[in-house]
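A.B. asks: So you can see what is in the structure, the chains are spelled out below.
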Amino acid sequence: MHAAVIVFPGSNCDRDLVVALERAGARVSKVWHKDTALPEGIDLIAIPGGFSFGDYLRCGAIAANSPICKSVVAHAGKGGYVLGVCNGFQVLTETGLLPGALLRNAGLKYICKTVELRVETNDSAYTSGYDTGDIINIPIAHHDGNYFVDEDTHTRLRDERRVAFTYVDNPNGSIGDIAGVLSQNRRVLGMMPHPERMAEPAHGGTDGAGLFSGLIGALTHA
Amino acid sequence: MKARVHIMLKNGVLDPQGEAVRHALGSLDFKGVNGVRQGKVIELDLAETDAAKAEKTVTDMCEKLLANTVIESYRVELI
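Chains as they are written, first to last, in our numbering: chain A, 177 to 398; chain B, 28 to 106.
Okay, chain A solo, but in the shape it has when bound (with noise of 0.2 Å):
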């Protein structure tokens, strides 16, 4: 299994999550914001958080414009896999992979804790290592993370079961209380929340460590 994580002016978990990624059995290769292609047989796509370009415009607007970004959305457009963790997240929204967009938190701090996410479906490589409802502490860390996507979006993304992880205590205002959601073919998910952080026992926990683990194994064994 080929890992790529994508790294821009200001991403600040790439290291992080090339981490996590290695240790459930990814071998990961970093790739610059300005290269234009993706390194040969590429399973997964990683889009770390950070302030891509300073968040200068809107967060992850310019990312999403960037010289790779253009292989990132093909390599999706053949049912390639794309996870987008946080700024990640913003970039994948901009890009048009996935609905909706990420406001201002509605209490307009920037929020960093623990937060207990629920997990709505484990029927995505992402999540097959949870089960439905399970609940795990994953960290969150973000000034825009205040999903909002219109009201038929909204219902269409509940009926498509393409919720993947919602908060139990919604910390910024999100739509739904979503967290993270799938893309239709349910090959790309976006999430505010770092599992990566919480991915060994250091980290004070290891609930995110799942992500990682089931993800692999689902596409090692596909």
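If you are wondering where the hints come from, they were derived from the structure by calculation, not from laboratory data.
Note that the Cβ used here is the ideal one computed from N, Cα and C, for glycine as well.
Among the hints, erroneous ones may be present.
As the list claims (entries may be wrong) - In silico BS3-like cross-links for lysine-lysine, where the CA-CA straight-line distance does not exceed 27 Å: (1) A:LYS285 <-> A:LYS206; (2) B:LYS37 <-> B:LYS67; (3) B:LYS37 <-> A:LYS285; (4) B:LYS91 <-> B:LYS67; (5) A:LYS246 <-> A:LYS206; (6) B:LYS67 <-> A:LYS285; (7) B:LYS58 <-> B:LYS29; (8) B:LYS83 <-> A:LYS246; (9) B:LYS91 <-> B:LYS29; (10) B:LYS83 <-> B:LYS37; (11) B:LYS37 <-> B:LYS91; (12) B:LYS91 <-> A:LYS246; (13) A:LYS210 <-> A:LYS254; (14) B:LYS29 <-> B:LYS80; (15) B:LYS91 <-> B:LYS80; (16) A:LYS210 <-> B:LYS91; (17) B:LYS91 <-> A:LYS254; (18) B:LYS67 <-> B:LYS80.
Stated by the list, open to error - Chain A regions said to be covered by chain B (calculated; three or more residues, Cβ under 8 Å): (19) 225 to 237; (20) 275 to 283.
Guided by the hints, dock chain B onto chain A, whose structure is given.
C.D. replies: Just chain B now, with coordinates in the frame of chain A:
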């Protein structure tokens, strides 16, 4: 030719920053402010001299980058 792009959150999209400004105005004793919406203005200095072409190009820029039409509306003004 210069263009000015006005970008606002769409109606129905909560604007927590605008709300915070409204509360701050209330605490300064400015009465009767029923709502505040905060947006942004982007000014572009263009080489194009044809107004119709400039407007079309700037509209294209808004759709591709300057605005996120999921949450924002925009208005192009040539100046």
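A.B. asks: Next, verify each hint and record whether it holds.
C.D. replies: Cross-check of the supplied hints:
1. A:LYS285 <-> A:LYS206: violated (32 Å)
2. B:LYS37 <-> B:LYS67: Cα-Cα ~13 Å, so holds.
3. B:LYS37 <-> A:LYS285: It holds: about 22 Å lies between the C-alpha atoms, which stays within 27 Å.
4. B:LYS91 <-> B:LYS67: Answer holds: B:LYS91 to B:LYS67 is near 17 Å, not above 27 Å.
5. A:LYS246 <-> A:LYS206: Given that 27 Å is the threshold and the Cα spacing comes to 17 Å, the pair holds.
6. B:LYS67 <-> A:LYS285: holds (20 Å)
7. B:LYS58 <-> B:LYS29: Violated: B:LYS58 and B:LYS29 sit about 37 Å apart, past 27 Å.
8. B:LYS83 <-> A:LYS246: holds (24 Å)
9. B:LYS91 <-> B:LYS29: holds (19 Å)
10. B:LYS83 <-> B:LYS37: Distance ~22 Å between B:LYS83 and B:LYS37 Cα, so the pair holds.
11. B:LYS37 <-> B:LYS91: holds (17 Å)
12. B:LYS91 <-> A:LYS246: holds (13 Å)
13. A:LYS210 <-> A:LYS254: holds (22 Å)
14. B:LYS29 <-> B:LYS80: Satisfied, since the Cα-Cα distance of roughly 12 Å is no more than 27 Å.
15. B:LYS91 <-> B:LYS80: holds (17 Å)
16. A:LYS210 <-> B:LYS91: holds (19 Å)
17. B:LYS91 <-> A:LYS254: holds (22 Å)
18. B:LYS67 <-> B:LYS80: Holds, because 23 Å separates the two Cα atoms, which is no more than 27 Å.
19. 225 to 237: Our answer is that it holds, as 3 residues pass the Cβ test (under 8 Å) against chain B, meeting three.
20. 275 to 283: holds (count 8)
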